[in-house]
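Novice: If you want the building blocks of each chain, they are given just below.
There are 2 protein chains.
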Amino acid sequence: MKSLSIKDIATKANVSITTVSFIINGKAKEKSISEAVIEKVEKIIKESGYKPNQIARSLRTGNSNIIGLMIEDISNSFFSRIARLIEDKAYKKGYKIIYSSTENNVDKAKELINMFKSRKVDAYIIAPTKGIEEDINQLLADNTPVILFDRNLPDVKTGYVGADHFHASYQSIESFIKQGKKKIALVTTDINVQQITERLEGYQKALEDHKIAYDENLVVKIHFNQDEAETMAQIKTLFQTQNIDAVLFATNYLAISGLKVLKEIDRKVGDDFDVIAYDDHEAFELHTPRISAVQQPLEEIAENVIKLVLSQLSKKTKAEQLEIIVPAKLIIRS
Amino acid sequence: MKSLSIKDIATKANVSITTVSFIINGKAKEKSISEAVIEKVEKIIKESGYKPNQIARSLRTGNSNIIGLMIEDISNSFFSRIARLIEDKAYKKGYKIIYSSTENNVDKAKELINMFKSRKVDAYIIAPTKGIEEDINQLLADNTPVILFDRNLPDVKTGYVGADHFHASYQSIESFIKQGKKKIALVTTDINVQQITERLEGYQKALEDHKIAYDENLVVKIHFNQDEAETMAQIKTLFQTQNIDAVLFATNYLAISGLKVLKEIDRKVGDDFDVIAYDDHEAFELHTPRISAVQQPLEEIAENVIKLVLSQLSKKTKAEQLEIIVPAKLIIRS
DNA sequence: TAGATTGCTTAAAACGTTTTACCAACTACC
DNA sequence: GGTAGTTGGTAAAACGTTTTAAGCAATCTA
Numbered sequence: 000m001k002s003l004s005i006k007d008i009a010t011k012a013n014v015s016i017t018t019v020s021f022i023i024n025g026k027a028k029e030k031s032i033s034e035a036v037i038e039k040v041e042k043i044i045k046e047s048g049y050k051p052n053q054i055a056r057s058l059r060t061g062n063s064n065i066i067g068l069m070i071e072d073i074s075n076s077f078f079s080r081i082a083r084l085i086e087d088k089a090y091k092k093g094y095k096i097i098y099s100s101t102e103n104n105v106d107k108a109k110e111l112i113n114m115f116k117s118r119k120v121d122a123y124i125i126a127p128t129k130g131i132e133e134d135i136n137q138l139l140a141d142n143t144p145v146i147l148f149d150r151n152l153p154d155v156k157t158g159y160v161g162a163d164h165f166h167a168s169y170q171s172i173e174s175f176i177k178q179g180k181k182k183i184a185l186v187t188t189d190i191n192v193q194q195i196t197e198r199l200e201g202y203q204k205a206l207e208d209h210k211i212a213y214d215e216n217l218v219v220k221i222h223f224n225q226d227e228a229e230t231m232a233q234i235k236t237l238f239q240t241q242n243i244d245a246v247l248f249a250t251n252y253l254a255i256s257g258l259k260v261l262k263e264i265d266r267k268v269g270d271d272f273d274v275i276a277y278d279d280h281e282a283f284e285l286h287t288p289r290i291s292a293v294q295q296p297l298e299e300i301a302e303n304v305i306k307l308v309l310s311q312l313s314k315k316t317k318a319e320q321l322e323i324i325v326p327a328k329l330i331i332r333s
Numbered sequence: 000m001k002s003l004s005i006k007d008i009a010t011k012a013n014v015s016i017t018t019v020s021f022i023i024n025g026k027a028k029e030k031s032i033s034e035a036v037i038e039k040v041e042k043i044i045k046e047s048g049y050k051p052n053q054i055a056r057s058l059r060t061g062n063s064n065i066i067g068l069m070i071e072d073i074s075n076s077f078f079s080r081i082a083r084l085i086e087d088k089a090y091k092k093g094y095k096i097i098y099s100s101t102e103n104n105v106d107k108a109k110e111l112i113n114m115f116k117s118r119k120v121d122a123y124i125i126a127p128t129k130g131i132e133e134d135i136n137q138l139l140a141d142n143t144p145v146i147l148f149d150r151n152l153p154d155v156k157t158g159y160v161g162a163d164h165f166h167a168s169y170q171s172i173e174s175f176i177k178q179g180k181k182k183i184a185l186v187t188t189d190i191n192v193q194q195i196t197e198r199l200e201g202y203q204k205a206l207e208d209h210k211i212a213y214d215e216n217l218v219v220k221i222h223f224n225q226d227e228a229e230t231m232a233q234i235k236t237l238f239q240t241q242n243i244d245a246v247l248f249a250t251n252y253l254a255i256s257g258l259k260v261l262k263e264i265d266r267k268v269g270d271d272f273d274v275i276a277y278d279d280h281e282a283f284e285l286h287t288p289r290i291s292a293v294q295q296p297l298e299e300i301a302e303n304v305i306k307l308v309l310s311q312l313s314k315k316t317k318a319e320q321l322e323i324i325v326p327a328k329l330i331i332r333s
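Chains as they are written, first to last, in numbering that gives the first Met the number 0: chain C, 0 to 333; chain U, 0 to 333.
Hints are computed from structural coordinates only; laboratory data are not their basis. Among the hints, a few may not be true.
The list makes no distinction among identical chains, and a pair is therefore deemed to hold if it is satisfied within one copy or across any two copies.
Calculated lysine-lysine pairs in the DSS-like style (CA-CA distance at most 30 Å, straight line) [to be verified]:
1) Lys45 / Lys30
2) Lys267 / Lys156
3) Lys39 / Lys262
4) Lys107 / Lys210
5) Lys116 / Lys45
6) Lys26 / Lys119
7) Lys26 / Lys180
8) Lys210 / Lys11
9) Lys42 / Lys267
10) Lys109 / Lys39
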C-alpha cells in the first residue's frame, strides 16, 4: 500500500498542491487562504491520516530535524542517562536524535561525522575524542551547529557544556587529606581528553597545596579499550604493591572494577582505606559500606546542551564559543 | 559552503550524471562502463571528498538504510546494552539506528511509529507496549519488517526474540524451595506485557509443583511510572508485614530499590533471607553478599534480532512469524 | 474610467539522486 | 551486405516536497 502524498490530498480537495502545502505548514493565513478551503483540506488530511514525507521535505528544505548525537558508548550509564535526557528535551522541540557510539575511536568518529553529514543532520552533539578537531572545524566552517559536552577540545571554538572536573577532583583529594590520608592513589584512563586530564590536575594540585609529594607510582593509567580482567590485574598490583590508604577512581567503570578487586583480595573499605568514585552509579549506594562519589548534574548538563543547540539552530550565525561549566558534587557516603 | 553534488562530479569528469551514478553504485561493470572512465571518475570522487546525499537517495529509492529502534527507556542498562549491541551489528551492515524511548506510553509509542514512518525507516525493532498491536499490524500489512524483542504481542504475527522468562522464573523459585524457603515473595510491575506475566506464571507454577500454596499477599505489583520513594515504601511494607524468607524481583531496578530498602531496615541477605534479581546488574556482583540474578543472554538476543531483521530486509515477502526463545541463566552467587 | 490594491490560488522550478529507455558505433556471423 | 549482438554511454523522468513568481477577479482610489 503506497502511502499518500500531498498530491492525493490536493486532488481529493480539488485544490492545488501549493495550497495544501501552505496549509500544512501553517502559512495559510499569511498566504491568505480562505477559511473554507483551510477547513476542507484539514478535514481531508485528518480523515486520510496523511503524514508528509520527511525525506522529500528534507531534500527540499535542506534540513532534517534530526540531531546527531555522538558519544563514547551508549551502554555506559553516564551516557545513556544523558542521552535519555537529551532525547526527551529534543523531542519536545520536534527534533529526533540519531545516535552512535564512537568507542573512542577516531576513525569511527570521523566515519560517523560523514554519515551524519550525508544524512544532513541539522546539528551535532558530541562527546568528542581527540583527533577529530579538524572534522568538527569543518562542520563549523559550514555553519552547522556543533555542541561539545563532557570533554572540551581546546582547538575547537564552539559551545561546550561540562562539569568542573578539576575542582571536583581537587575536592575529593582534599577530603581524603582532611581525613588524614597520606598515600592517595588515582586510577584513571589513558585517553587524552581534557575531562580526564583535569581530574589528574585536580589530584596533583590538591596534593601540592597540602604539601604532599606527588608520587607517580600512585597514579595508574588504564588503557581505554582493554578488557576488564586486565584492568583488574593492574589495579590489583597497585593495591598490593603500594601501601595506599585512599584511592580516587576517575570513572565509574574503573571504580567498579576496583571494588571487585577489593572484594577479591578481601580488603575492606573503611576507616583505614577510603574510596571515591568519579561519576555516581547505583552500585555505589548499595555497596557495603556505601561508596562516596562525585555526581555530575546530568539534568543540568542535558538542559544546557539542548539550550545551546537550539540557540545555534535559531540563529543562522556562526556558532559562538560559549563554555558552560557546571559544578560537580562530591557525595560523601559512609 | 555548498556541498558537492553528483552533478559537480559529472561536470568535472566530463561525463554524464548517469555514468557517475552507475560507478558510485557499483554498476559500472554491469553497465559496461570503460575502465578508463571508471578510474577517472573514482579519482575525482576521492579527491573531492564527495559523499552522496542520502536524503535524495532515499527519496528516489524509497529506502533509508535506517532502522528504527523503540525501547522502553535507553537509560535502563538492559536496554542500553542491547541497543549498543544492535547498533554495532547494524552498523556493520550499513544500517544506522534511530532510537527512541517509549516510556511504556502507548501514545508516545504510536507517535514514534508515525515519526519513523514519515522518515521511511526500512525496518523496526520494537520492545513493544500493549496497545500498539494495531499500529504494528499496519506496518506489517505495508510489508515493512518489524521485529519484536523482550516482549511478545500475541496479536501480532511477526518475528520475535526473547528469553524464556517463564522457565527462568520457575527455576529461581525452585532454587529457593530447594534451600528450604517457604514464604517466597515476588516483587513485579503492573505493566501488562507477556514478559512480565510469564515471570509471574513461572513463580506460580513452581510453587504449585512443590505444593506451596499461592498467597497473593506475597506478590507486589509496583506501578510502572511511579517514583522510587513510593516503590521503596511499598517494598518496605511487604518486608515488614509479611514474614518472608526469600524474594524474587522481576526487574533489576526493582531489585535495586529492594536492596536499598533492606539496607535501610538493616535486614541482611544471607541464610535466612535470600534474594534473586531478574536481569543482572553490576551492583549485584558488588553487593555484600553478592546477589544472585537471572542473566539474559544479551549478545544472543541482539544477534538474533539483527539476523531476523536482515533476513526480512532481504526477502521482499511478508514477515514470517518466527519466535526465537533463548534461555536465560540463573547465576547463583553466595 | 484607468490604475492600484487586495484576496485567493496555482504552475513550475528546484532539491540530488536512481533508473529506464534509448542511441551510436562497432563486431561478428551467415 | 544485412542483421543481430556488444560496448560505451546519455537524456530525461521520477521520487514528494517547498517556494517563487505570477495570474485572475473583485474591489478600491483618485
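Novice: Please go over all the hints and tell whether each is borne out by the structure.
Specialist: Verification of the hints:
For the homomeric pair lysine 45 and lysine 30, the shortest alpha-carbon distance inside one copy (21 Å) is at most 30 Å, but the shortest distance between copies (46 Å) is not. Taking the shortest Cα distances, lysine 267 and lysine 156 never come within 30 Å of each other, neither inside one copy (46 Å) nor across copies (54 Å). Proximity of lysine 39 to lysine 262 under the C-alpha cut-off of 30 Å is found in neither arrangement, the shortest distances being 71 Å within a copy and 63 Å between copies. Taking CA atoms no more than 30 Å apart as the test, lysine 107 paired with lysine 210 passes in neither setting, with 43 Å inside one copy and 57 Å between copies.
For the homomeric pair lysine 116 and lysine 45, the shortest alpha-carbon distance between copies (16 Å) is at most 30 Å, but the shortest distance inside one copy (34 Å) is not. Taking CA atoms no more than 30 Å apart as the test, lysine 26 paired with lysine 119 passes in both settings, with 25 Å inside one copy and 25 Å between copies. In this assembly of identical chains, the alpha carbons of lysine 26 and lysine 180 never lie at most 30 Å apart, being 68 Å within a copy and 69 Å across copies at closest. Taking identical chains as interchangeable, the C-alpha atoms of lysine 210 and lysine 11 are never at most 30 Å apart, the minima being 82 Å within one chain and 67 Å between chains.
For a Cα distance limit of 30 Å, the shortest separation of lysine 42 from lysine 267 qualifies neither inside one copy, at 70 Å, nor across copies, at 63 Å. Proximity of lysine 109 and lysine 39 under a CA criterion of 30 Å is satisfied inter-copy only: 26 Å between copies versus 49 Å inside one chain copy.
When each numbered hint is compared with the structure, violations occur for hints 2, 3, 4, 7, 8, 9.
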